[in-house]
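S.K.: Take the given structure of chain A and dock chain B to it, following the hints.
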Amino acid sequence: MNPTIYLEVVVQGVLTGLVYGLMALGLSVIFGVVRVVNFAHGEFTVAAMYAAFLLFTLFGIDPLIAMAPIALVFFVVGYALQRTLVHRFVGRAEHEQFILLVGLAIVIVNGTLLIFGADARPVRLPYGFDSFLVGPVIVDKVRLYAAGAALAVAAALFLFFRFTRTGTAIRACADNLVGAAVVGLDVRKLYALTFGIGLACVGAAGALIETIADAKPELGPVYTLIAFIIVIVGGLGSMTGALVGGVLIGVSEALAGLFIAPSMKSMVSFALLIAVLVLRPQGIMGRRT
Amino acid sequence: MIRSLNPRGRVLLIVLLALLVAAPLVADRYLMSVLILIFYFAFVGQAWNLMMGFAGQLSLGHALYVGLGGYVSALLWIKFGIGPWLGVFAAVAVATAFGAVIGWLGFRFGIEGVYFALLTIAFAEFTRIAFDHIDYAGAAGGLFLRVEEQGRWWDLRGGPLLFYYLALALAGGALALTAWLARTRLGYQWLAVREDEQAARSLGIDVFRAKMTAVLISSAMTAVGGVFIAFYNNNLFPSRVFDINRSIELILAPVVGGLGTVFGPVVGAFILTPLGEVLTALTEHLGINAPGVKAMFYGLALMAIIVLKPTGVWPWLARMLRLTECRP
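If you read the protein sequences in the order shown, they are chains A and B. Sequential numbering of the first sequence, starting at 1, is according to the numbering used here. Sequential numbering of the second sequence, starting at 1, is according to the numbering used here.
Chain B on its own, in the form it takes in the complex:
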């Protein structure tokens, strides 16, 4: 779908990318941290979008993969000194194993739609409570990564600049991967399964395999996001990383940006994260201690978008700015 951009759109994409690469030259620490969050949500949003937007499988338990990725890599680093570049493989392996179990149970036993979403929630919540009681992983008290080893960039022990470019690379990589997958045979199979499973099956598509690959790719990518956020935040709490609110937070960007579109998650992340920051800053500036305002706004945004523009902002934006070829 990058190919579906017209020359205008491509120029704009390249200009934006160049601006983001150059941004650390002028951006202060705060702006950098906001941009890192935007890239992170664009990345994990993209991962979720592959499963829901393309293959049509609603997961509301993606925090499970974030948490597993984070915990596995952080434990390897803290307990064995194995760095995240190696740890990420273990993290992906564990997360995809869970993804495989959930996918297998769901798709073999015909658990669909809302029921499938509940299955994913059940697994995430089950794991959250389990981690609350695993003393080896710090239980409910949390797991902390040492911060003093600054400067070892190859072990992700560095400053904001390191995390900025890593997050940008992840978000950009996920965008490219999605754009490529959307053009492959598998990508088209996903769309067929999403639109009509019966019809897809009668066309000879291996529906189970198509759905499984979606879950596996999505969980693997999300686990990478988990590794990133664990080493960026330097702490992990079961009640925070596995929480259902994390799973919901993660789906906001693709839903607002546009489900099943390549640019949707990115656009959504660029809309929601800054707006959330502005709201937090505004309430702080006004001296109101209102912890729920940001989340409440997210809730309203979610409702507004699904009532007014259920296809998301990106298709509309692309049409307004005339960025794409004439596609429906």
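For reference, chain A alone in the conformation it holds in the complex:
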């Protein structure tokens, strides 16, 4: 085999991984602050993929542009969801939160199935088959754009949490909930904002994923598991961890697809998940608490 193919597969894995990383970032932010595990994460991602599909087929809007309005809508959905439903479950038994969100996940999967049917819904971009030649390595144009956009969104989020007052307040809630309440922060509102931000990540990531994969209802649980694997491998609650985990999973799946068989690539991810859970439960970038 031509050695550049390995390089190409690794590059492809890194680019896909960055987009997955953005999706996982949403999960990490929600868990890190609200302490609720969003088990409907992948289902929301697929809903965003369908939204991107609709905007493209109806109005011809490129998902790279459509991701902005989709993220905005998902922010509102997340905010409302936290305010109306999830906030009652904050601090309750883990299995109760789990069951609530599993129920929501089932509703979303089957809702998309009812509306769009079981067929794959692709977006055929005019530049879908273009590629760049970097030295000897061929890089897909769509994948590069998607990864670039994912990085940009992630960077914006970093800046938001680092430098804005609201971002700092949200971090305060995550670090010390009682302290945050004592100094007069509106925890409920901040939690709702966080859930909204988490889902905005999902909205943007879903629109980007639609450019490299076709929307199908049954992808929901798959993406939920991928997001969980990434976040746990990277360390729950760590923002850089989510991106690093995403790249790691993207590359390992791409290599496993090349060396073993494409249909067996997620086995590697699950094996990695088991290994991380057992050996380093705080994740690669996480801190032991």
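It is worth saying that the hints were derived from the structure and are not from the lab. Please note that a few of the clues may not be correct.
Computed footprint of chain A on chain B; a stretch qualifies when at least three of its residues, placed anywhere within it, have a C-beta under 8 Å from a C-beta of chain A [claimed, not checked]:
1) 107 to 116
2) 126 to 138
3) 236 to 249
4) 291 to 300
5) 305 to 318
Note that the Cβ used here is the ideal one computed from N, Cα and C, for glycine as well.
M.R.: Coordinates of chain B only, in the frame set by chain A:
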């Protein structure tokens, strides 16, 4: 907790049991198939309930044990002609071996709550993909049991009547077993571990052992359910039996009926399965081709129950019908 039923409750239980034993006299084939499904979900729900409801260990990978039980017994039957009455022991052995590994990894390395649930999912999904590639077991194309050998009831090759009484016996047996376990020392240890692990440990309870036994009993029972469903359906596909949706489907009845109660899984199965059937029939009757309606309803039911009655239907029902002694 059968003992916690008052005379009213006991009479009602006996009447219901008698009705179910007599049901095949009047029930048609369709009703029988619905009842078989109800018993099956009550049985595997009970198995899951022992681990989650009593010992407090959240497993979202119970499809693993169903699938292993089904595949092991079906392979023994197809490849070696070893019948399910013998095969079930092998099935239970394999499933409990997996359960032991998951339990050991989880409990030794302190993987708790959501993380433990993810560990169980990871094992189930890993096995699903592995079975997709095991040619000996039919890989992704599936494994089929021959249907023509009807009438050999001792090899579970029979009609609906055989499966009806077998499923009823399994569900009834699981109910009795749970009721008995709940009254044993082990049952109380489980409750202690579920409520507060630290406190349980300081009382001298061997927490690891208590949790392990819960996993082993639960996986063994679930594997028996897997043997049953494999010989009942006569086919096995990795993408169907090991799927995460199967694991979720399996937890619905105990969650809706009431976690950690003896009658919860049974009540939940009697509520959910018929409702699902009615919904399917209704959409078919209206001529709508809507494949997701039933599952969507299950999702909504799950959300509604956890928001409105997180303790499940049974405690509320028992209070309404005054079936139990005054218990909290």
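S.K.: Work down the list of hints and note, for each, if the structure agrees.
M.R.: Here's how the hints hold up against the structure:
no. : hint       : in the structure
1   : 107 to 116 : holds (count 6)
2   : 126 to 138 : holds (count 5)
3   : 236 to 249 : holds (count 3)
4   : 291 to 300 : holds (count 8)
5   : 305 to 318 : holds (count 3)
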